Structure formats: C-alpha cells, structure tokens
Amino acid sequence: DARVTQTPRHKVTEMGQEVTMRCQPILGHNTVFWYRQTMMQGLELLAYFRNRAPLDDSGMPKDRFSAEMPDATLATLKIQPSEPRDSAVYFCASGLGIDRGNGNQPQHFGDGTRLSIL
Amino acid sequence: KNEVEQSPQNLTAQEGEFITINCSYSVGISALHWLQQHPGGGIVSLFMLSSGKKKHGRLIATINIQEKHSSLHITASHPRDSAVYICAAQGGSEKLVFGKGTKLTVNP
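Respectively, the protein sequence lines represent chains V and F. All residue numbers for the first sequence refer to my numbering, where the first residue is 1 and numbers rise by one. All residue numbers for the second sequence refer to my numbering, where the first residue is 1001 and numbers rise by one.
Worth flagging that the hints you see were computed from the coordinates, not collected in a lab. For clarity, every value in this text was computed on a predicted model and none was experimentally measured. Think of the CB as a built atom: it goes at the ideal place given N, C-alpha and C, for glycine as much as any other residue. Check the hints yourself; a few may be wrong.
[Stated by the list, open to error] What follows is a set of in silico ranges between Cβ atoms, one per label pair, in the way DEER data are often shown:
#1 V/N51 x F/G1016: 39 to 49 Å
#2 V/Q41 x F/H1078: 26 to 36 Å
#3 F/E1003 x V/K62: 15 to 25 Å
#4 V/K78 x F/N1107: 42 to 52 Å
#5 F/Q1066 x V/P8: 41 to 51 Å
#6 F/E1067 x V/L118: 41 to 51 Å
#7 V/D1 x F/K1103: 40 to 50 Å
#8 F/Q1014 x V/T73: 20 to 30 Å
#9 V/R52 x F/P1079: 37 to 47 Å
#10 F/Q1014 x V/G28: 36 to 46 Å
#11 F/I1060 x V/Q17: 41 to 51 Å
#12 V/P8 x F/P1039: 17 to 27 Å
#13 F/P1039 x V/L74: 22 to 32 Å
#14 V/P61 x F/S1007: 26 to 36 Å
[Claimed, not checked] Below 30 Å or equal to it, Euclidean Cα-Cα: the simulated DSBU-like pairs (lysine-lysine) are:
#15 V/K62 x F/K1095
#16 F/K1100 x F/K1055
#17 F/K1055 x V/K11
#18 V/K11 x F/K1095
#19 V/K78 x F/K1095
Work out the full structure: start from the sequences and follow the hints.
Here you go:
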C-alpha cells in the first residue's frame, strides 16, 4: 500500500534551534496538509498545499513557522527559532484535491513527527 | 465552544460489547470524517460520509444532516479496537475541523 512518509519520527532539541520536518506524499496526490496535535488542542490544521502552491496557512504562526513544497515529492515544515510550546506531534497528510472533479476525498496520514523542545 | 463535539471522551467496554461514539457539529458540512488513531500514534481514515450510512466490517458510521450529528458504531468489539476515534467536519474546502477524540479501551 502507498503511504505518506514523514521524517524524522522523533526529534528532541533545545529551544532556539531550527527544526525541519519532511513529508513525502503519496505519488499522484496533489494536496498536502500539515497538522499539529497536542493534548490540549487536539488536531489543528497548520497549512495546506495544492499542486505545490500554498492554499491556506492561516493556522500557522508566521513569525517562526514556514512550509514549502520544493517539488511534488517533498513537503517541509520548518520552525525557527523553536520554543518549548512547539512541542507536539506534527502530521502530514495527502489526498486528491476536490478541484479535479473527484468530489470529497479521504486524507491519508503519515505516522507523524514527535517533537520535543527543551 | 468547539465546532465539533464528541462524546464520550473516554469509553471502556468488555470484549463483545456494542460501542457507540457520537459526534455533533455546528457548521455546515460537505462531509464528515471518522479517523482512528492507534496507540502507536498513526492515524487511519475509517469513513468519509455526507449522508446515510456506511459499513466496513464491524464498523458502521451514520450521519443525520438535519440534526448535525454522526455516530460511529462498533459491533462485537475486540481489544484490537482499542484506539482514539476522532471525527472531523469538512466544509466547502478540504479543511477539516476536528473533535477532541474518544479514547476507547476494550478489555478482554
């Protein structure tokens, strides 16, 4: 089965360091989502892309977070500088966009990156 | 108030019991998603529905659009069903608004 691949699975670093999380979406999927999960807030959408272009990043703190898709096989989420409150599990998901006339489509999730900022 | 509310927050059952998890939402939706998060953390999409009922094996999802309510049922529950079940409302775009999840524990 095709899978969304996220790296690293775990990351522990000190406050102030740059963190880069990577995601390889399922081949052929044109929509990529970044989510953050915390105990307090649950799952929240940070940003999502269609055909590598950002469609919505309103859930992302702009001063320290950035998301990009350098190519169709790679999405990145960066935090610089990192803070303890960024500690969470970050999920990437991919799917077929509704603008292809497919109607609503399920999202396929990666296993997440568990981030701890000390 | 969260736009998507789930109940119960925690649920403990004995193997073989019939399970129901409820989800209420306050926004208009184009689809309602049910997700399963395993103890190891991975998330799997179980159902996506906009009307009526869907069934996969022992899992059944129903939705009542007029009442803005969906339920996930598990028949003949098994310890391997132990997980967190999350519902998510999808509006006009692909953006999902998530409930806080229901932690299900099925004891042998």
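Notebook entry, point to check: Is F/K1055 close enough to V/K11, meaning Cα to Cα at most 30 Å?
Noted result: 38 Å, violated
Notebook entry, point to check: Quick one, are V/K11 and F/K1095 close enough, alpha carbons at most 30 Å?
Noted result: 27 Å, holds
Next item on the list: Take the C-beta atom of V/P8 and the C-beta atom of F/P1039, compute their distance, and say whether it sits inside 17 to 27 Å.
Entry: 20 Å, holds
Note to self: Between the beta carbons of F/Q1014 and V/T73, is the distance compatible with 20 to 30 Å?
What the structure shows: 46 Å Cβ-Cβ, so the 20 to 30 Å window is violated.
Margin query: Check whether the Cα positions of V/K62 and F/K1095 lie no farther apart than 30 Å.
Written below: Judged against 30 Å, a Cα distance of about 19 Å means the pair holds.
Checklist line | Outcome for the supplied range 41 to 51 Å, where the beta carbon pair is F/E1067 and V/L118 | finding: Because 47 Å falls inside the window, the suggested range holds.
Checklist line | V/Q41 paired with F/H1078, Cβ distance criterion 26 to 36 Å | finding: 31 Å, holds
Next item on the list: With respect to the beta-carbon atoms only, verify the hint that V/D1 and F/K1103 lie 40 to 50 Å apart.
Entry: 26 Å, violated
Check: Does the hinted range 42 to 52 Å hold for V/K78 and F/N1107 at CB?
Finding: Given about 43 Å between the Cβ atoms, the range holds.
Next item on the list: Given the hint of 36 to 46 Å, check if F/Q1014 and V/G28 actually sit that far apart at their C-beta atoms.
Entry: 43 Å, holds
Margin query: Range first: 37 to 47 Å. Now tell me if the beta carbons of V/R52 and F/P1079 are that far apart.
Written below: 43 Å, holds
Notebook entry, point to check: For the pair F/I1060 and V/Q17, does the Cβ-Cβ distance stay inside 41 to 51 Å?
Noted result: For F/I1060 and V/Q17 the Cβ distance comes to about 47 Å; the hint holds.
The earlier numbered hints that this structure contradicts are 7, 8, 17.
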